[in-house]
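*Asks:* Here's the letter readout for the chains.
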Amino acid sequence: MNIYFLLFYSFFKTGLFTFGGGLAMLPLLKEELVQKRGWLSDDELLNYFSVSECTPGIIAVNVATFTGYKLKKSLGAILATFSVVLPSVIIITLIASVFSNVTSLTSVQHILNGIKIGVSALLMKVSFDLGYHIFKKNHNKIFPALIFMSALFLIFICHLSCALIVLLALLLALGKFYFQRKKS
Amino acid sequence: MIYALLFYRFFLIGLLAVGGGATTIPFLFDLSAQYHWFSSNELMNMIAVSEATPGPVGINMSTFAGFKVNGILGGIVATLGIITPSLIIIILLSKLFGRLSCHINLDEIFKTLQPAVLALIINATIEITWLGVQNLISSCILTVLLFCMFYFKKSPIFYILLSGIIGYCLQL
Numbered sequence: 001m002n003i004y005f006l007l008f009y010s011f012f013k014t015g016l017f018t019f020g021g022g023l024a025m026l027p028l029l030k031e032e033l034v035q036k037r038g039w040l041s042d043d044e045l046l047n048y049f050s051v052s053e054c055t056p057g058i059i060a061v062n063v064a065t066f067t068g069y070k071l072k073k074s075l076g077a078i079l080a081t082f083s084v085v086l087p088s089v090i091i092i093t094l095i096a097s098v099f100s101n102v103t104s105l106t107s108v109q110h111i112l113n114g115i116k117i118g119v120s121a122l123l124m125k126v127s128f129d130l131g132y133h134i135f136k137k138n139h140n141k142i143f144p145a146l147i148f149m150s151a152l153f154l155i156f157i158c159h160l161s162c163a164l165i166v167l168l169a170l171l172l173a174l175g176k177f178y179f180q181r182k183k184s
Numbered sequence: 001m002i003y004a005l006l007f008y009r010f011f012l013i014g015l016l017a018v019g020g021g022a023t024t025i026p027f028l029f030d031l032s033a034q035y036h037w038f039s040s041n042e043l044m045n046m047i048a049v050s051e052a053t054p055g056p057v058g059i060n061m062s063t064f065a066g067f068k069v070n071g072i073l074g075g076i077v078a079t080l081g082i083i084t085p086s087l088i089i090i091i092l093l094s095k096l097f098g099r100l101s102c103h104i105n106l107d108e109i110f111k112t113l114q115p116a117v118l119a120l121i122i123n124a125t126i127e128i129t130w131l132g133v134q135n136l137i138s139s140c141i142l143t144v145l146l147f148c149m150f151y152f153k154k155s156p157i158f159y160i161l162l163s164g165i166i167g168y169c170l171q172l
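Chains as they are written, first to last, in the working numbering: chain C, 1 to 184; chain E, 1 to 172.
Derived by calculation from the structure, the hints in this document are not laboratory data. Take the hints with a grain of salt, since some may be wrong.
[What the hints assert, rightly or not] Quick list of in silico lysine-lysine cross-link-like pairs, BS3-like style, CA-CA up to 25 Å:
| # | chain 1 | residue 1 | chain 2 | residue 2 |
| --- | --- | --- | --- | --- |
| 1 | E | Lys111 | C | Lys136 |
| 2 | E | Lys95 | C | Lys125 |
| 3 | C | Lys30 | E | Lys95 |
[Unchecked claim] Not close to chain C: a few residues of chain E, all C-beta gaps over 12 Å, as computed:
| # | residue |
| --- | --- |
| 4 | Ala4 |
| 5 | Leu5 |
| 6 | Asn41 |
| 7 | Phe67 |
| 8 | Leu118 |
| 9 | Cys140 |
| 10 | Leu161 |
Remember, it's a predicted structure, so these values are computed and weren't measured experimentally. Glycine included, each C-beta is placed from N, C-alpha and C at the ideal position.
Construct the entire structure; sequences and hints are all you get.
*Replies:* Next up, the structure:
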């Protein structure tokens, strides 16, 4: 079968059957890309994942772009990326079109109110895991703590936007990188 | 032009939200405060639906938010906006390094960004909990859910579905 069609098919399927995104996709991608298609090795997939986690953007999209590029250069990258988001666009558009009518139903409201609590718990778990990752596994604890405290201060007291906070952290990271390189 | 603005704002999110889905949420709260495209309550509904439907959460939320602003085309433009930075950056990275490995430089930069991202996510968590958990029963459910998450390592969608069922049964 045509490789472009297979790329489309594989990533469309991944987009359709992934719930939550991010790391939840790893087993699904492993089965599809490594075991079934043989496009990537286990190591390559893990590499793509670790790079995707520290580059901007949605992780699922980044992995799709990497794999598409490996197989068929830029065209493959674009095709794989579009395929992985297409199910979301279709499903959400359908839901959003009827959403305002549906939310007036009390039963839907009950379900949504329940899910909101679930989302809240999920985000608390995400925060905890990320915090654990930063402060337990890092040798240097003072530097991340300083960044964390100043980010909190800038958000709660100065009401800076998220974009500005990330940009400031990025500047700091580049500065730190530059000085370390100068020293060595 | 609304489409240009929509594309630009979601391009910015795609460019700056390092680490995936959860990081997108604080940026969306910023949008709701800045442009009044949707209220924070509508945003809460969008997040709830995005978590419970297939597809990466970040993409689902972008399509939903874009749709809310300007219908089907709005949803498509917002989604294109959030994936364009990834496409450009990943294609460039692939071109630059023939063999990819999480380069030590990238990793170092990420380590500095992470604590700031954590602060953003905590802020969004507080906001979402403030809006979504307003009475004693909800707080109890939240505590039980959190407890379960730490002790039984089930996938997030399990807890999302569970909380939806609890919401329906208890008429929250």
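*Asks:* Evaluate each hint against the coordinates.
*Replies:* Verification of the hints:
Note on Lys111 (chain E) and Lys136 (chain C): the hinted pairing holds, with a Cα-Cα distance of about 13 Å set against a maximum of 25 Å. The hinted pair formed by Lys95 (chain E) and Lys125 (chain C) fails the criterion: a straight-line CA distance of about 36 Å is larger than 25 Å. A C-alpha spacing of about 24 Å is found between Lys30 (chain C) and Lys95 (chain E), which places the hinted pair at or below 25 Å, so the restraint holds. Remark: the non-interface label on Ala4 (chain E) is consistent with the geometry, its nearest Cβ contact in chain C lying 17 Å away (cut-off 12 Å).
The beta carbon of Leu5 (chain E) is kept farther than 12 Å from every beta carbon of chain C, the shortest such distance being approximately 14 Å. A Cβ of chain C approaches the Cβ of Asn41 (chain E) within 12 Å, the least distance being about 10 Å, so the stated non-interface status is violated. With 12 Å as the threshold on Cβ separation, the claim that Phe67 (chain E) sits away from chain C is violated: the shortest Cβ distance comes to roughly 4 Å. Remark: the non-interface label on Leu118 (chain E) conflicts with the geometry, its nearest Cβ contact in chain C lying 5 Å away (cut-off 12 Å).
At the 12 Å boundary, the C-beta of Cys140 (chain E) falls inside the reach of chain C, the nearest C-beta of that chain being 10 Å off. With a closest Cβ-Cβ approach of about 8 Å to chain C, Leu161 (chain E) is found to fall inside the 12 Å limit, against its non-interface label.
The earlier numbered hints that this structure contradicts are 2, 6, 7, 8, 9, 10.
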